[in-house]
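Engineer: Residue numbers (our numbering), protein chains in the order written: chain U, 1 to 391; chain B, 392 to 895.
Read the hints as simulated data drawn from the structure, not as lab findings. Remember, predicted model here, so these are calculated numbers, not experimental data.
With a straight-line Cα cutoff of 30 Å, these simulated BS3-like cross-link-like pairs (lysine-lysine) come out:
1) B:K729 - B:K666
2) U:K292 - U:K216
3) B:K622 - B:K483
4) B:K730 - B:K815
5) B:K812 - B:K729
6) B:K516 - B:K730
7) B:K729 - B:K805
8) U:K291 - B:K730
9) B:K730 - U:K292
10) B:K772 - B:K729
11) U:K291 - B:K729
12) B:K666 - U:K292
13) U:K292 - U:K357
14) B:K730 - B:K805
15) B:K805 - B:K772
16) U:K292 - B:K729
17) B:K772 - B:K808
18) B:K666 - U:K291
Per the computed footprint, the stretches of chain U lying under chain B, defined by three or more beta-carbons under 8 Å from a beta-carbon of chain B, are:
19) 113-125
20) 222-228
21) 231-240
22) 274-287
23) 343-356
The following label-pair restraints were derived from C-beta to C-beta distances:
24) U:K291 - B:T414: 43 to 53 Å
25) B:V797 - U:K291: 25 to 35 Å
26) U:K291 - B:G714: 35 to 45 Å
27) B:F568 - U:L179: 49 to 59 Å
28) U:S167 - B:G405: 37 to 47 Å
29) B:S796 - U:A182: 35 to 45 Å
30) U:E111 - B:A416: 22 to 32 Å
31) B:N777 - U:K357: 54 to 64 Å
32) B:G405 - U:V169: 31 to 41 Å
33) U:E156 - B:A454: 44 to 54 Å
34) B:N777 - U:K291: 35 to 45 Å
Glycine included, every Cβ here is placed at the ideal spot set by N, Cα and C.
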Amino acid sequence: MVTVLIIIGIVVVLAGAGVVVAKRRSSPALGAGTPAPQRIEQAAVAPVVLNATTDAVPADVAVAEDAPVAPVVAPADEVAESTPPSVGAASAKSRGIFAGLRAARRLKAIEPSTWDELESSLLRGDVGVTTTTRLLETLRAEVAAGTVTDGSGLLERLRILLIATLSQVERPEHGELSLEVAAGRVPVWLLVGVNGVGKTTTIGKLAYRAGGEGKKVLLAAGDTFRAAAGEQLATWGARSEVDVVLGAAGADPSAVIFDAVQRAGARGFDVVIADTAGRLHNKVNLVEELKKIRRVADREPGQVTEVLLVIDATTGQNALQQARQFTEAVSVTGIVLSKFDGSARGGVVVAIEAELKIPVRFLGVGEHASDLIAFEPIAFVDALLADDPVA
Amino acid sequence: MFDALSDRLERIGGRLRSRGRITPADLAEALSEIRTALLEADVELSVARAFCDNVAARCSVEALSKSLTPGQQVVKAVHEELIAVLGGETLKISYSSRPPTVILLAGLQGAGKTTTAAKLAQWFKAQGRNPLLVAADLQRPAAIEQLRILAEQAGVAFSSSGTDPVDVARHGVEEGFRLGRDVVILDTAGRLSIDQALMAEVAAISAATSPHYTFLVIDAMTGQDAVHTAKAFDETLALDGVVLTKLDGDARGGAALSVKYVLGKPIAFASTGEKLGDLDLFHPDRMADRILGMGDVLSLIEQAERTIDTEQAAQSAARMLEGTFTFDDFLDQMNQVKKMGSIGGLMKLMPGMSKQMRDAASQIDDGEIARIEGMVHSMTKAERQNPDLIDRSRQARIARGSGRSVADVAQLIKQFKQMSKMMKGLGAGKMTSIPGLGGGLSGARQMAQLAKSDPAQLQQLLGQAGGGGLPSAPWAPKAPGVGGGAGSKNKKKKGGRVTPPKGR
Numbered sequence: 001m002v003t004v005l006i007i008i009g010i011v012v013v014l015a016g017a018g019v020v021v022a023k024r025r026s027s028p029a030l031g032a033g034t035p036a037p038q039r040i041e042q043a044a045v046a047p048v049v050l051n052a053t054t055d056a057v058p059a060d061v062a063v064a065e066d067a068p069v070a071p072v073v074a075p076a077d078e079v080a081e082s083t084p085p086s087v088g089a090a091s092a093k094s095r096g097i098f099a100g101l102r103a104a105r106r107l108k109a110i111e112p113s114t115w116d117e118l119e120s121s122l123l124r125g126d127v128g129v130t131t132t133t134r135l136l137e138t139l140r141a142e143v144a145a146g147t148v149t150d151g152s153g154l155l156e157r158l159r160i161l162l163i164a165t166l167s168q169v170e171r172p173e174h175g176e177l178s179l180e181v182a183a184g185r186v187p188v189w190l191l192v193g194v195n196g197v198g199k200t201t202t203i204g205k206l207a208y209r210a211g212g213e214g215k216k217v218l219l220a221a222g223d224t225f226r227a228a229a230g231e232q233l234a235t236w237g238a239r240s241e242v243d244v245v246l247g248a249a250g251a252d253p254s255a256v257i258f259d260a261v262q263r264a265g266a267r268g269f270d271v272v273i274a275d276t277a278g279r280l281h282n283k284v285n286l287v288e289e290l291k292k293i294r295r296v297a298d299r300e301p302g303q304v305t306e307v308l309l310v311i312d313a314t315t316g317q318n319a320l321q322q323a324r325q326f327t328e329a330v331s332v333t334g335i336v337l338s339k340f341d342g343s344a345r346g347g348v349v350v351a352i353e354a355e356l357k358i359p360v361r362f363l364g365v366g367e368h369a370s371d372l373i374a375f376e377p378i379a380f381v382d383a384l385l386a387d388d389p390v391a
Numbered sequence: 392m393f394d395a396l397s398d399r400l401e402r403i404g405g406r407l408r409s410r411g412r413i414t415p416a417d418l419a420e421a422l423s424e425i426r427t428a429l430l431e432a433d434v435e436l437s438v439a440r441a442f443c444d445n446v447a448a449r450c451s452v453e454a455l456s457k458s459l460t461p462g463q464q465v466v467k468a469v470h471e472e473l474i475a476v477l478g479g480e481t482l483k484i485s486y487s488s489r490p491p492t493v494i495l496l497a498g499l500q501g502a503g504k505t506t507t508a509a510k511l512a513q514w515f516k517a518q519g520r521n522p523l524l525v526a527a528d529l530q531r532p533a534a535i536e537q538l539r540i541l542a543e544q545a546g547v548a549f550s551s552s553g554t555d556p557v558d559v560a561r562h563g564v565e566e567g568f569r570l571g572r573d574v575v576i577l578d579t580a581g582r583l584s585i586d587q588a589l590m591a592e593v594a595a596i597s598a599a600t601s602p603h604y605t606f607l608v609i610d611a612m613t614g615q616d617a618v619h620t621a622k623a624f625d626e627t628l629a630l631d632g633v634v635l636t637k638l639d640g641d642a643r644g645g646a647a648l649s650v651k652y653v654l655g656k657p658i659a660f661a662s663t664g665e666k667l668g669d670l671d672l673f674h675p676d677r678m679a680d681r682i683l684g685m686g687d688v689l690s691l692i693e694q695a696e697r698t699i700d701t702e703q704a705a706q707s708a709a710r711m712l713e714g715t716f717t718f719d720d721f722l723d724q725m726n727q728v729k730k731m732g733s734i735g736g737l738m739k740l741m742p743g744m745s746k747q748m749r750d751a752a753s754q755i756d757d758g759e760i761a762r763i764e765g766m767v768h769s770m771t772k773a774e775r776q777n778p779d780l781i782d783r784s785r786q787a788r789i790a791r792g793s794g795r796s797v798a799d800v801a802q803l804i805k806q807f808k809q810m811s812k813m814m815k816g817l818g819a820g821k822m823t824s825i826p827g828l829g830g831g832l833s834g835a836r837q838m839a840q841l842a843k844s845d846p847a848q849l850q851q852l853l854g855q856a857g858g859g860g861l862p863s864a865p866w867a868p869k870a871p872g873v874g875g876g877a878g879s880k881n882k883k884k885k886g887g888r889v890t891p892p893k894g895r
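Make a model of the complete structure from these sequences and hints.
Structural biologist: Written as C-alpha cells, this is what we have:
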C-alpha cells in the first residue's frame with residue numbers, strides 16, 4: 001500500500017521534475033497550472049420526506065391533472081390498454097441485426113454459410129462468443145445425428161435451445177416481485193446497477209406497477225451522489241403518486257434508506273423501493289458501500305426481498321461482469337433489462353442466465369410509467385431472432 | 392479499459408513468440424483467438440473480421456517462413472493493425488472566429504451526456520475559455536436541475552429557458568453571444584437512434600444552432616449496437632467525433648474501436664471517472680500503446696504538468712535521489728498525487744506496471760491515503776525528518792495519536808525506509824529496479840537528470856521510459872509485481888535492452 005503510493009509519488013514527482021527541466025529550457029516563466037480537479041462537494045443533511053399528495057412537484061413535469069388524492073392509480077389492466085407495451089412492439093422497432101436469418105429460414109439444405117449466418121446473428125445480438133459456440137455445437141451435433149436437416153428446422157431448434165436456456169432458471173410468473181417477509185417486517189426492493197442504466201426510471205415504473213396493484217409504496221432516494229437524482233425520483237414519485245423519502249445531496253445513502261424503512265414500518269407501507277447511486281462494479285469502495293446499504297436495509301423492520309440489477313440492453317459482454325460482481329456483493333435476485341425498445345437486442349442476458357442463473361424479471365420498453373413488462377422467454381427469444389422488418 | 396483485451400492479446404502473442412516455426416494452422420488458430428478476444432471485447436463483428444483479415448494479410452505464410460522470429464512477426468502485425476484502426480490525430484479544437492463556438496452533445500439515454508457536458512465545460516475552462524452550459528434535455532425528470540448543479544460545481548455559467556428543446560438551445564446560443572461566452576455546450580435529451588420523432592428534434596436543434604462540433608456520447612460498455620447507433624446519429628447530425636464515457640469501468644471498450652473503424656470519426660474525448668476533472672482529449676496513438684501494455688507517459692506528464700507544483704516536485708525529486716527523502720516530502724508527494732485524480736487512473740498511464748501493481752493501486756482510495764497521512768501527521772517534526780528516530784515507544788505514541796495499530800505504524804515506517812533506500816540506489820545510478828515498476832523508474836531518473844536535453848529529446852526519453860523495461864516487442868515479460876508489499880528483496884537487474892524512440 002505504502003509502497004504503491006510511494007512508487008506513484010516517485011513517478012509523479014520525477015515526471016514533474018522532468019517537466020520543470022523541459023520548461024526551463026523552453027520558457028523562463030513557470031505556469032502555476034490549472035486548479036485541481038474538483039471533487040463534487042456534498043453536505044450531509046437530514047432526509048426530507050416528500051409527500052406525493054401534498055408537496056409541490058417540479059413545474060416541468062406532466063402529472064395527470066385529475067389525479068386522485070388517494071395513492072391509487074389506474075388498475076393494471078387499464079394501464080395495459082392505454083399503452084400496450086409488448087416485446088413484439090419493442091422488437092418491431094428493432095431492425096437490421098438478424099437480417100441474415102431470413103435467408104437461413106428460406107434455405108432448404110444446411111450449408112456452411114448457414115452456420116456463418118447463425119453465428120453472426122447471435123454474436124450481433126450480443127449473445128457472446130461462449131454461449132454462441134455452445135449453442136452452435138449442440139446444433140451441429142444434431143445435424144450430424146440427422147435430427148435436423150434443413151434451414152428452417154435448424155432455426156427452430158436454435159429457438160427452442162434458447163428458450164430452454166432461458167427456462168433453466170426459476171422465474172416468478174407475471175413479473176411478480178417478492179413481498180414475503182417475517183411478521184412485522186417491511187419488504188424492501190433494492191435497485192442496483194452501473195451508471196446510466198435506468199435505475200431511477202425503473203423504480204418509477206415499478207412504483208407505478210405496484211401502486212396499480214393497490215400496494216402502498218414508499219420510495220427511498222438512495223442516490224445521494226448524482227446531482228438532482230433525488231429530484232428525478234421525486235418526479236417519478238409524483239407521477240406514480242407514491243411517497244418519497246429524500247436525503248440531502250451527499251447524505252449517507254444507507255441512512256436515507258434506513259429512514260425510509262423506519263417510516264414504512266411505522267406508517268404501514270406495503271413495500272419500500274430503494275434507489276441507489278450508479279456505480280461501476282469494479283470500484284471496490286462503492287461496492288462496499290452497496291453491501292452496507294443492503295445490510296442496513298435488511299435491519300428491522302426492513303427485510304430485503306428483492307435485489308434487482310438493472311442492465312442496459314445496449315450493453316455488450318461487460319453485462320456479464322456486472323451481473324457477476326453485483327451478485328457476489330449483494331446477491332442479486334433478478335435482472336431488469338432496460339432500454340429494450342432500442343435497436344439493441346440484449347442477447348447478453350442469455351449468457352447471464354446460462355452462466356449465473358439469475359432470472360431476468362422485467363424489460364424496460366419506453367419512458368412512460370407503464371413501459372415495463374414482465375420478461376417472458378418465448379417472446380424474448382422471438383424478438384431476439386426476429387427478422388428485419390424493414391429490409 | 393482495454394486491460395483485458397491487452398491481456399488476451401498478450402497471451403496469444405506470448406505463445407506464438409515461443410515457437411520457432413509457425414505453420415498456417417498455427418496462424419489460423421491465433422487469428423481465430425484474436426477474433427474471439429476482439430468479440431469478447433465488444434468489437435463489432437464485421438470490424439473484428441476485417442481486423443483479422445488485415446492481420447493475416449500483413450503476415451503471409453511466406454513472410455513468416457522467412458522470418459527468424461515468426462511469432463514476433465505476428466505480434467508486430469497485430470500491433471500495426473491496432474494502431475491503424477485506432478490511429479489518427481488527436482482532435483484539436485479550432486475555436487470559431489465569431490464566438491461562441493457551439494458544441495452539441497447527443498446520444499442514447501444514460502450514455503452520460505449531462506455529466507460529459509459539465510466535464511467538457513470544466514475542460515474548456517481549464518483551457519482558459521469561458522463556457523456556457525445549456526440544458527436542452529427537457530425529457531428526463533430533473534435533468535436540467537442536474538446540469539444546473541454541475542455547472543455550479545464547475546463554476547461555469549448555465550442557461551435553460553424555454554419549453555421546447557429547439558428554443559432552449561437557440562436561446563442558449565444567443566445568451567452565450569450576449570454574455571460574451573466563447574464556448575456554448577448544448578446538452579440534449581437521450582434518444583434512441585430508431586426514434587424518428589426525437590431524431591428529427593435533435594436535427595432541428597442542430598439546424599437552429601449550427602454547432603461547430605457535434606459529438607456523440609457513447610458508453611464504453613456498449614455492445615454490438617454501438618456501430619448501429621453511431622451510424623444513425625452520424626446520418627442525422629454529421630458527427631465530428633465521439634466522446635467515450637465510463638472508461639474507468641472494466642469494459643474492454645471494443646465499441647470505441649468499432650465506431651472509429653466504421654465511421655472514421657475520431658474519438659475526441661474520453662471520460663474516466665466521477666470527478667468533473669476526469670475528462671481529457673483522446674490520444675489514439677497513446678491508447679494503442681496502452682492497449683499493448685506500454686503505458687501512456689505523455690498523458691501522465693501532461694496531467695502532472697497541469698496539476699502539480701513543478702518547482703516543489705523538482706526539489707523533492709532531487710532530495711529523493713540524494714537519499715534524503717523525508718516523511719515531509721512524502722506528504723507533499725501524496726498531496727500532489729491526490730490532485731492528479733484517482734490513483735487507479737494514474738496507474739493505467741504508467742509504463743511497465745504489472746497487473747498486481749495496477750490492481751493494488753485501484754484499491755487505494757482517499758480514505759486510505761487519509762489514514763496514512765494521519766499516521767505521518769502524528770509524528771513529531773524531528774521524526775518526520777529522520778525516521779530512524781522512531782523506536783517502539785514512539786511507534787506506540789504515533790499509533791495512539793492516529794488511531795491506528797502499532798503494527799500499522801511499524802509497517803508504514805518499514806516500507807518507507809525500504810523505498811527510500813531504493814530511491815537512493817536509483818540516485819546513485821545503480822542498476823536497480825523497483826519490483827513491479829519495470830523499467831519505467833530508471834527512465835524517469837534519466838529524465839530528471841537530463842537537464843541538458845531539450846524538450847524534444849526529453850519526449851523521446853519518455854518514450855523510452857515507456858518501453859524501457861520492455862524489449863522491442865509489445866508483449867514483454869513484465870517485471871514481478873509488488874504483490875504483498877515491498878518486503879521482497881527482488882531487485883532485478885535491468886536488461887540493457889531499450890526500445891528505439893518511438894516516432895511521435
